[in-house]
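One letter stands for each residue in the lines below.
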Amino acid sequence: MIEFKHVTKRYPESGEALSEVSFRVERGELTFLTGHSGAGKSTLLRLIPAIEKPSRGEIMLDGVAVQNLRTRQIPFLRRKLGLIFQDYRLLNDRTVFDNVALPLLITGHNPHEVGRRVRAALDKVGLLKKEKRLPLALSGGEQQRVGIARAIVHKPPLILADEPTGNLDPDLAEEIMRMFRDFNDVGVTVLIASHDLALVRRFSRRTLRLEHGKLSEVG
Amino acid sequence: MAFLRKPAFRRGIFRQPLQPETHLADRLKIYLALQKNSLKASFARIWETPIASSLTILVVAIALALPASFNGLIQNARQPVEALETTSQISLFLKPELSNEAALKLAKKLKQNPALIDASLISKEDGLRELAAYSGFGDALAALNNNPLPAVILVKPRTTDADSVSRLLIELKTLAEADKVQFDSEWLQKLQALLAIAQRCVTAFSLLLGFGVLFTVGNTIRLELQSRRDEIAVAQLLGATHRFIRRPFIHSGFWYAFLGAGLAWGLANLLILGVRTPANQLAELYGSPYRLSFLRLTDTGILFGSAIFLGIIGAWIVVAYFLREIDAE
Ligand SMILES: Nc1ncnc2c1ncn2[C@@H]1O[C@H](COP(=O)(O)OP(=O)(O)OP(=O)(O)O)[C@@H](O)[C@H]1O
Ligand SMILES: [Mg+2]
Numbered sequence: 001m002i003e004f005k006h007v008t009k010r011y012p013e014s015g016e017a018l019s020e021v022s023f024r025v026e027r028g029e030l031t032f033l034t035g036h037s038g039a040g041k042s043t044l045l046r047l048i049p050a051i052e053k054p055s056r057g058e059i060m061l062d063g064v065a066v067q068n069l070r071t072r073q074i075p076f077l078r079r080k081l082g083l084i085f086q087d088y089r090l091l092n093d094r095t096v097f098d099n100v101a102l103p104l105l106i107t108g109h110n111p112h113e114v115g116r117r118v119r120a121a122l123d124k125v126g127l128l129k130k131e132k133r134l135p136l137a138l139s140g141g142e143q144q145r146v147g148i149a150r151a152i153v154h155k156p157p158l159i160l161a162d163e164p165t166g167n168l169d170p171d172l173a174e175e176i177m178r179m180f181r182d183f184n185d186v187g188v189t190v191l192i193a194s195h196d197l198a199l200v201r202r203f204s205r206r207t208l209r210l211e212h213g214k215l216s217e218v219g
Numbered sequence: 001m002a003f004l005r006k007p008a009f010r011r012g013i014f015r016q017p018l019q020p021e022t023h024l025a026d027r028l029k030i031y032l033a034l035q036k037n038s039l040k041a042s043f044a045r046i047w048e049t050p051i052a053s054s055l056t057i058l059v060v061a062i063a064l065a066l067p068a069s070f071n072g073l074i075q076n077a078r079q080p081v082e083a084l085e086t087t088s089q090i091s092l093f094l095k096p097e098l099s100n101e102a103a104l105k106l107a108k109k110l111k112q113n114p115a116l117i118d119a120s121l122i123s124k125e126d127g128l129r130e131l132a133a134y135s136g137f138g139d140a141l142a143a144l145n146n147n148p149l150p151a152v153i154l155v156k157p158r159t160t161d162a163d164s165v166s167r168l169l170i171e172l173k174t175l176a177e178a179d180k181v182q183f184d185s186e187w188l189q190k191l192q193a194l195l196a197i198a199q200r201c202v203t204a205f206s207l208l209l210g211f212g213v214l215f216t217v218g219n220t221i222r223l224e225l226q227s228r229r230d231e232i233a234v235a236q237l238l239g240a241t242h243r244f245i246r247r248p249f250i251h252s253g254f255w256y257a258f259l260g261a262g263l264a265w266g267l268a269n270l271l272i273l274g275v276r277t278p279a280n281q282l283a284e285l286y287g288s289p290y291r292l293s294f295l296r297l298t299d300t301g302i303l304f305g306s307a308i309f310l311g312i313i314g315a316w317i318v319v320a321y322f323l324r325e326i327d328a329e
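Chains as they are written, first to last, in the numbering used here: chain A, 1 to 219; chain B, 1 to 329.
Worth flagging that the hints you see were computed from the coordinates, not collected in a lab.
Each residue gets a CB set at the ideal place from its N, CA and C atoms; glycine is no exception.
Mixed in with the good hints there might be a few duds.
What the hints assert, rightly or not - Beyond 12 Å from chain B on every Cβ pair, some chain A residues (computed): (1) G38; (2) L77; (3) G140; (4) E142; (5) R205.
What the hints assert, rightly or not - Among the chain B residues that face chain A by a calculated CB cut under 7 Å, a handful are: (6) I30; (7) A33; (8) S227; (9) E231; (10) V234; (11) L238; (12) G239; (13) F244; (14) D327; (15) A328.
To be verified - For each label pair, taking beta carbons as the anchor points, the in silico distance ranges come out as: (16) A/G126 x B/L24: 46 to 54 Å; (17) B/L223 x A/A137: 21 to 29 Å; (18) A/M60 x B/D327: 32 to 40 Å; (19) A/R133 x B/F294: 45 to 53 Å.
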C-alpha cells in the first residue's frame, strides 16, 4: 500500500528531516511510527498525501508515484485518505458538525446522507452531544477527537494519524487506539505516529522507529 | 460539468468510486443540491457582513445605474423621433413660369420614382385657396391681382436616413422645373445624429463602468479570499479541488452583481421618474401623446445579464490568481 524508496527530505532552514528512508506498509496493516520529538514523524506523514514533496527518492501509494502527481490530481488522492493532524487543523469559525461534514461536501456526497454519516462519526468519538459547538469551545482532547471524526467520516481505505492521542487521558487514548484497531479489522490500512511508547507496546503491532530522520528499526 | 467528471485514478484503492451514487440522474441531483446550498451559504455570508457588503453592492449599483438610466433616457428620446421621421417630407418649389400641365406631369413622373412613397402637387391656385382658408387673410388675398405663390410638389421619401435624403435632394434640385428644394425635417436629422453620438457615449461609458463593476467585485472577493485563507488550506488538505474552492466565491460574485443590478434598476427608474414630469409636460406642449417610460424589459434583461456576467468573471479571475499563488508555494 505504502512504499518509501530511499526518501530524503531536506528543509532549507533546518537541514535533513528524513534521510534515505525506505519501508513498506502492506494493505490491511496497522503500523506505528515512533521516535523522539523532531525525529521526522510528521514530515514523513506529510509526504504521503503530497503536502510536501521529497527532495530525493520515491513514494508509491498503491501503485501511484506520489511525487510525480500533477497539482490537478492531488485532491483526488487526498480524498482517499483519512488525515489526522497533530495540530488538528479545524475550522474555528464552523461548528463541530460542519467541520466533520467537510470531507463529505468535498467529495460531493448526497446532502441527505451527510447528517447521518457525520453523526455516526461523532458518535464513534463520543462527541454526538457537541455537534453544535465551535471548536474553540472544546477541550484540546475534544478538538482532537473532532479531527479524528473528520478523518473517518468518508470511510477512507487508508488512515494516516499524527499523534491522534497526544491530548487524551490514558483511558480515552486507549479507546481511540482500539477504534483504529477496529477499523483495521475491517480492512482499513492504518499508520499512526505516536511517542506514547507504552501505549504502542500494549498494542504489539509492527512499529517503525525514526531517529534523527533515519529509520533505525523496523520490527 | 462536475458531476460528469471521472475520477483521476484507475488503480488500487483509487479505483473505487468516490461516491456510491452512480446514476447520472442522482449525480445531477447532488450537483444541483450542492449548487443550491452554496448559493444559500454565499448569500448568508453577504447577509452576515451587512456594512461591507452593502458598500460593495452600492458601488456596483452606481456603476450600473449611470449607463442604465442614460440608456433608458436615450431609448425614450428615440421613440418620438422615430415617430416624427415617418412624417418627414420634401417640398419641391417649382419655377413660377411653369404651366399647370407641366407641373402635373412632373408630379406624375415623380410618383413613379421608386425612392418616393408619394408626390402630390399643390398648384398655385390650390395654395392660394388653402392659405385663404387657414390664415384668415381671405379678403386681403382676394384683393391681389396676381397669385404670388409658387406651385409646390410635396415629396415623401421612402427612406429617411441622412444619405438617401441628401442624394434625393440633389436629384430634385437638378430638375429643370425646380426652383428650390426644402427638406422639412433637417432639424430631425440633426437630432438623430445627436442621439447617435449620445448612444455611442453611453456605450463607451458602459464599458468603462463595466470594468468598475469587475474590479469592485474582484476586490471584494480578494479580501474574502484573504480572510478565508486558513479554511481554503484545510479544504485543500482534505482533497478540495480548485472547482470546489472556487464555487462559493463565484456565487458571492453572482450575489454582489445581482443585488447591485437590482439596486441599479431601482436607481435608474428613480432618475427617470425625476425627469418624467417635465418631459411629459414638454410632450404635451407639442401635442404629442408620447409619455416617458421606465426601463424596458429588454434593457432590464441586459442590465442584469451583463452585471451577473461581470460579477462572475471578476470573481473567477481573482480566485484563479489566488489559487495559482497558493499552488506555487
Ligand atoms: N516546515 C518546516 N520547515 C523547516 N523545517 C521543518 C519543517 N517541518 C519540520 N521541520 C524540521 O524537521 C525536523 C522533523 O520535524 P517533524 O515535525 O517531522 O518531527 P516530529 O517527529 O513530528 O516531532 P514531534 O514529535 O515533536 O511532532 C525537525 O527538526 C524540524 O525542525
Ligand atoms: Mg510531529
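- List in ascending order the numbers of the hints, as given earlier, that are violated by the structure. 2, 8, 15, 16, 18
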